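Colleague: Work out the full structure, taking the sequences as your base and the hints as a guide.
Number of protein chains: 2
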Amino acid sequence: MRIAIDAMGGDFAPQAPVKGALLAREKYPDVELVLVGQESAIHGVLREIGWPTLPKGITIQNATEVVEIADDPATAFKKKPDSSLTVGLNLVKNGEADGFVSAGSTGALLAGATLVVKRIRGLRRAALAPTIPTANGRAVLLDCGANAECTVEYLLQFAYLGSYYASKVLGVDKPRVGLLNIGAEEEKGDTLRKETYQKLKEAGERGELVFTGNVEAKEAMLGQCDVIVADGFSGNVMLKSIEGAGKLMSGMLRGVLMKNAGTKAAALLLKGGLRDFKKTLDPNEVGGTALLGISKPVVKAHGSSNELAFCNAVRQAVEVARSGIADDIARDIDKMRLDRAEKAE
Amino acid sequence: MRIAIDAMGGDFAPQAPVKGALLAREKYPDVELVLVGQESAIHGVLREIGWPTLPKGITIQNATEVVEIADDPATAFKKKPDSSLTVGLNLVKNGEADGFVSAGSTGALLAGATLVVKRIRGLRRAALAPTIPTANGRAVLLDCGANAECTVEYLLQFAYLGSYYASKVLGVDKPRVGLLNIGAEEEKGDTLRKETYQKLKEAGERGELVFTGNVEAKEAMLGQCDVIVADGFSGNVMLKSIEGAGKLMSGMLRGVLMKNAGTKAAALLLKGGLRDFKKTLDPNEVGGTALLGISKPVVKAHGSSNELAFCNAVRQAVEVARSGIADDIARDIDKMRLDRAEKAE
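Sequence lines, in order, name chains Y and S. Heads up: the first sequence begins at 5 in the numbering used here, then just goes up one per residue. Heads up: the second sequence begins at 5 in the numbering used here, then just goes up one per residue.
The reader is advised that the hints may include incorrect statements.
Treat identical chains as interchangeable: a pair holds within one or across any two.
What the hints assert, rightly or not - Only pairs whose alpha carbons sit at most 25 Å apart, straight line, appear in this in silico DMTMM-like list of lysine to aspartate or glutamate: (1) K275 to E43; (2) K222 to E72; (3) K192 to E157; (4) K222 to E153; (5) K172 to E36; (6) K83 to E190; (7) K283 to E189; (8) K97 to E43; (9) K82 to E190; (10) K178 to E190; (11) K222 to D280; (12) K339 to E206; (13) K222 to E311; (14) K82 to D15; (15) K222 to D76; (16) K82 to E69; (17) K31 to E157.
Worth flagging that the hints you see were computed from the coordinates, not collected in a lab. This one's a predicted model, so the numbers in the text were calculated from it and none came from an experiment.
Modeller: Structure, rendered in structure tokens:
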């Protein structure tokens, strides 16, 4: 197993991805790593942290260009063919790596992955599929921003993608699929939701999905389902609202704990528990967001990823690669097509 | 000033609304109240809590019917003309009350308010406009579920409604309006967002609104704007995500505090601070959600409202009535029409 890491992407590149690779190599000794980026910059980091040579199992793939914020995400991979993004994706495409991790621009990674590594044949769209914390573990929420405007077929396919991911990568037995909506009843929501509901219900009746109906954002967070199906706009709003609420509440809690000597003493007593609490909400602990629907594993690490986050994103790419979900999806793609019912009739 | 209260609506009716009316009468002695509902049920509550007669300034308006969950929200007000909902709304319509508070079905209240009390002439849609906690106070989020599918003109009008509300009811000087989107840049989002962005920008350039551009849900929670403009679908997703995240985190925090003797001691030290923390997130403290765009004040109290929540919802209805925003909107309605630019040209 060999995972390529974009050494130039993210707020703390190249330090964080290089250190993350060293950490991942130590934690997962059966995984080889390829650092993709400017050779001199990568060596610079290694010198800084006192590694004169790379350990066995980590190699460098030189890439002279860097995708910048100013680059158009849709075309960056093409206009900068020697960027760490494009070179890394080509390693995956050509079978020289089994997965790619990048903390660079989401849009550029998505466009590049779709057009270089390619979508699984028959899938309409790839989806950003992060996991969110819930009252009984985690749920996968997709799409989360790759597709602001969706059709019924996109959403139907997201349900299958999420279901395979929850089952094969997160290890959930018979994952429950919920359609993110503004009410639980069948007739709730807009036209897109009403039509999608029917298609998901049919898939449930055929035994292909465990469809639990519409789910409101609140109930989803309380653990009502394992897969939350959303258009990229409302999925993104949900994800960012959770992040915002988490940040707001953490800040308020910090204020409560740091108020005076007595509360500071209390904070000390709570230290261990609060650490676990923070850990549950820390995106660095999760790793990254899988791009589901791409024919090989591509993981978007958070822009502000630290070395731990890169290490966890590598673990995630390995898990996706080992799960074989891309093969499962390719095999079952006919089930996920809206014209299948019409064809069968 | 006289506010009508639906004594039959909400999870804890008739107890909570009746007790809420008594509390509001005590706290706001210049506000008279009308309890609308089954006279016998209201008297039953009064006997239960040891009030043989109603205090001066609270009257009962008998209404024999009750809107039930099974009733179609769109037609309930019409099919049950002697329900607390319809009788209460008619009091407002006929000027016998200056505002109406109900914790009953949102859909039924919205339909009834729109068709009995009526929208302000020229407004396309009324909006549910709750306030949400942010890092620097509160922001009004609209629409939050009244309109799952929106047009550019609806969103433009919501921006004005929210801006008047923030300024006149919440007391914000020059409220900053943000368009809820999945990225901050002008070109982000779907067609609806891109077109709305331009209209809001123009309104900003005319000096009618303080438009601060697109806002992501996370930044909105961190206090980037005072008015968050959303279609009813994504606004509802945002609201419910915040509620879910709050509930999830509160539950986790409770686990941390109740773990052992040491953490319980810490919890005691933090008591005061945690109370304020909970208060900020408690929907009962806010009161309710204003239905903006209706020609007279109608406030939807949370379904699980307790007496404090009813009392706060009464305060909110009074504030809306005193603010005169319905008159402001009616006066400025021409500014909020999409055909105005074309007309002027």
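Colleague: Within, between, both or neither: how does the pair K222, D280 come out at a Cα-Cα threshold of 25 Å?
Modeller: both (22 Å within a copy, 23 Å between copies)
Colleague: If the cut is 25 Å between Cα atoms, do K222 and E153 qualify within a copy, between copies, both or neither?
Modeller: This pair counts as both: shortest intra-copy Cα distance 23 Å, inter-copy 21 Å.
Colleague: I want to check one pair: K178 and E190. Are their C-alpha atoms no more than 25 Å apart within a copy, between two copies, both, or neither?
Modeller: Classified as within; 22 Å inside a copy, 41 Å across copies.
Colleague: When Cα atoms must be at most 25 Å apart, do K82 and E190 count as within-copy, between-copy, both, or neither?
Modeller: The answer is between: 24 Å across copies meets 25 Å, while 44 Å in one copy does not.
Colleague: Given a CA cutoff of 25 Å, do K82 and D15 count as a within-copy pair, a between-copy pair, both, or neither?
Modeller: within (23 Å within a copy, 59 Å between copies)
Colleague: Regarding K83 and E190, is the shortest C-alpha distance of 25 Å or less found within a copy, between copies, in both, or in neither?
Modeller: between (47 Å within a copy, 23 Å between copies)
Colleague: How would you classify K97 and E43 at a CA-CA limit of 25 Å: within, between, both, or neither?
Modeller: Cα proximity of K97 and E43: one copy only (21 Å, versus 75 Å across).
Colleague: Given identical chains, is K192 near E157, meaning Cα to Cα at most 25 Å, within a copy, between copies, both, or neither?
Modeller: both (19 Å within a copy, 23 Å between copies)
Colleague: With identical chains, the pair K222 and E311 could be close in the same copy or across copies; at 25 Å between alpha carbons, which is it: within, between, both, or neither?
Modeller: between (32 Å within a copy, 24 Å between copies)
Colleague: From the Cα coordinates, with 25 Å as the cut-off, is the pair K172 and E36 best called within, between, both, or neither?
Modeller: within (22 Å within a copy, 62 Å between copies)
Colleague: Between K222 and E72, at a C-alpha cutoff of 25 Å, which is it: within one copy, between copies, both, or neither?
Modeller: between (37 Å within a copy, 24 Å between copies)
Colleague: Is it within, between, both or neither when you check K339 against E206 at 25 Å Cα-Cα?
Modeller: within (11 Å within a copy, 47 Å between copies)
The structure does not agree with the numbered hints 1, 7 and 17 stated previously, though it agrees with the rest.
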